[in-house]
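Protein chains: 4
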Amino acid sequence: MTELLPVAVLGARGRMGAEAVRAVEAAEDLELVAALGSSDPLDSLVSAGARVVVDLTVPDATVGNVSFAVEHGMHAVVGTTGWTADRLARLETLLAGTPATGVLIAPNFALGSVLATAFAAAAARYFDSVEIVELHHPDKVDAPSGTAVRTAQLVAAARSAAGVPDAPDATRDQLDGARGARVDGVPVHSVRLRGLTAHQEVLLGSAGEQLTIRHDSFDRASFMPGVLLGIRSVARHPGLTVGLDGYLNLQTGGTGS
Amino acid sequence: MTELLPVAVLGARGRMGAEAVRAVEAAEDLELVAALGSSDPLDSLVSAGARVVVDLTVPDATVGNVSFAVEHGMHAVVGTTGWTADRLARLETLLAGTPATGVLIAPNFALGSVLATAFAAAAARYFDSVEIVELHHPDKVDAPSGTAVRTAQLVAAARSAAGVPDAPDATRDQLDGARGARVDGVPVHSVRLRGLTAHQEVLLGSAGEQLTIRHDSFDRASFMPGVLLGIRSVARHPGLTVGLDGYLNLQTGGTGS
Amino acid sequence: MTELLPVAVLGARGRMGAEAVRAVEAAEDLELVAALGSSDPLDSLVSAGARVVVDLTVPDATVGNVSFAVEHGMHAVVGTTGWTADRLARLETLLAGTPATGVLIAPNFALGSVLATAFAAAAARYFDSVEIVELHHPDKVDAPSGTAVRTAQLVAAARSAAGVPDAPDATRDQLDGARGARVDGVPVHSVRLRGLTAHQEVLLGSAGEQLTIRHDSFDRASFMPGVLLGIRSVARHPGLTVGLDGYLNLQTGGTGS
Amino acid sequence: MTELLPVAVLGARGRMGAEAVRAVEAAEDLELVAALGSSDPLDSLVSAGARVVVDLTVPDATVGNVSFAVEHGMHAVVGTTGWTADRLARLETLLAGTPATGVLIAPNFALGSVLATAFAAAAARYFDSVEIVELHHPDKVDAPSGTAVRTAQLVAAARSAAGVPDAPDATRDQLDGARGARVDGVPVHSVRLRGLTAHQEVLLGSAGEQLTIRHDSFDRASFMPGVLLGIRSVARHPGLTVGLDGYLNLQTGGTGS
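Residue numbers (the UniProt record's numbering), protein chains in the order written: chain V, 1 to 257; chain H, 1 to 257; chain Y, 1 to 257; chain G, 1 to 257.
Hints are not guaranteed to be accurate.
One copy or any two copies: either way a pair holds, since identical chains are not told apart in the list.
[Unchecked claim] Taking lysine to any residue and the SDA-like style, the derived pairs with C-alpha atoms no more than 25 Å apart in a straight line are:
1) K140 / S38
2) K140 / G82
3) K140 / D166
4) K140 / V58
5) K140 / A221
6) K140 / R51
7) K140 / L42
8) K140 / H237
9) K140 / R150
10) K140 / T84
11) K140 / P59
12) K140 / T98
13) K140 / P107
14) K140 / G239
15) K140 / G14
16) K140 / R15
17) K140 / T81
18) K140 / D176
19) K140 / P165
20) K140 / A89
21) K140 / R182
22) K140 / W83
23) K140 / M16
24) K140 / G185
25) K140 / A18
Hints were generated in silico from the structure; no laboratory data involved.
Take these sequences, add in the hints, and give me the full structure.
And the structure:
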């Protein structure tokens, strides 16, 4: 008989945390051994026998939580923001002392979104032109979205590394804003529309062809497959991994196409 | 036996004109009786017996051509630009003297594009939000496209006439240009991508739903069905009509949906 | 001061009915004067002074409810199914006796969906080819969707009325099912995908161009604007109207495009 | 000064061959040293000093051409069809004798299409549902397209290898063909529309999210960047490579997303 993997969820009373609790309970290969709120002591993780700790708390708490987990030989899957370069560096130092322990810090657990960004970055060097259109509900306060900015940065870096010249653009006569915002030289257009949730299209074009990579996020449920993938995979990835795509197998092995 | 409709094409050596010559010749119900270049005398239209004159010339020539046609009782289908309000007013005066004669002046003969704009204008009052994304080849010098500006103006006018409030938008923190250009308050985003020709999406959203009206123009061939529709319909529309949609039957009669 | 329109909702304990109750309460120009469940007596509609009755009940109850409303001079807005041709005929007879009373029977209250179907039907005669792709969640038991079947029927009828020949199709060698189902000759393709709700694309093509009309329904909230439009408009449409599009103003008046 | 790479094109009078001749001549790092038609002797390849031979001929000629190239130590980039398993096996035997020589046999040189297929195959294991919609001009005789069949096979193989269960589908009541053709269990829908060229969408869905990978091929020009990539890369890939994706760097290295 297969042994269940004992999992603890921190931040279990938050919206993401509550979803994670349900997802772990529903998974046949996982066992929820602890579900802690902000005032619960971390010691109970040890007595509960957790092997993987899922941190969905707040920036002020996440560093202490992850350090505790690592010091006690538990793996950690982290969706909390606030991991500055400095905090990451200290975590790597800590991890150097326990070479078998893995930590995943993922700003985005939506598998489709992570894949879309990775594919856009991989494809960007092969096309003359690339632009991004992101579409969200009208209550969003920032434009472009963080995901679009990050995608544009990765696309720009990939093109720069491959020596791709700037995209052609003969625009001489324009209304202010028509050609979008520029993020590292990549045009990004932000649509705000009642009825939408969170959507993004990366458009890549060359003579005679276009490649479009679109991701639609309809609700929070889309994060749970990524959280479960992180829980199941973290033990096989010792050390620090930033970004869920580090756990994805994007190589197709040769399709013969 | 059905009589063929005798048609003359002016500007027959230009790109659009040459296509129109081919389209008229290929149509079973039409007969090409004249195909004139810029230096050919207009008198030959009379001797050729033209009933409909298609003007695909240049702004300097079109007024004289259309006046000649109207004065000789011929209908005119005009794709040439340059028809200012003043020129249109004088043409209407001239037409008042020959009540059976029709003139169509159409800035756009692509049926799909004309329909897309008309549908967007008709739908605009029923949604909270509306934005336009237009996409063209990167050799285009202006942004947004003329079609997008016109669509935005019609959308804005329809919403204003129906008393629709401004679209919701909580954006507080943005990169310059992210939210597009504003045309009469409607956000318009211009994408330039190698491989594309001319494309436009109107996005309309309300709580729980989205309506998208997209037109793709892949090549000049798309103008000919509209030119033929104009030729066949102009005799049934005496007086001046501006815009091919004046000839389209957009009413569905009640679908029972 | 503007007088509020007194509205009653029948079927107020059902999912649609409960949404309608909330929508009427939230509308500044409407007053909810009754919200009845299946066992509540209809007499209370009279004492409550309802001017418009919204019926969101079940096929067995709707005929009696609407008859009661019409007999008492109230307008009715009906979202319940089960209105056979025979039932509709009897309702029209009843309405003939009270010429000022209006009844709207609408199989679909999603404005965007109703508009999309109406636009597709209006555009269909102007294109060589037309196909429908509908996309739904994988728990749906029928394929194609009722909306897609209805859209295809209207598209086919419009093409037939205009004498449009069959769409070109050189397919000789095909896998079973590849070219979709045929509804009155129109190919309809049904996609079932986890994560989706209810979506439909009508694709229209001619030489050099494509027109795409897409509707996305993300949740039930999308029905309420249509219900409110029906409530506010029914008094101005005496007699029987089938289909919400009978209340929509789809004519654009001439866009000059 | 950089040395130019000497390239020969076989099948130079065919449509693809003529495009390749122009593309090689236009490339600053390549030198066209031979452009042979079907009756020209292969010996001239040797005297011309070709380092890379591009074969765009016919199934009957390609085996002899490639063998000649390999036997004379030239690399080969092959777009001709007709390479059966048996022919490929014999080519590998031949290549074993000249370990520095590379041969690329690519059924598809459109970079965007190759990338789209590779991305679809890589993503397929991470989603509950996957379906393919391919759209072509109405003169196409087969349905689904070869590219769609191949994409479906690769998607199915990737899901099978990862142990992904069948996509959910509650359809009980359907019109014949509505749910498309099945290729290794993957539903494939074929749209035929006047105005289109060659287009494909792979739709992937899980709870709360959708990933769409779309490729549009507008004209033959889209093949040339892939041909040039093959020419420039073949010397760095000794032995036999089937499929242009074997030359693409699809790994993103870790985006940190």
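Handout entry: Earlier hints that do not hold, by number
Key = 1, 6, 7, 8, 12, 14 and 20
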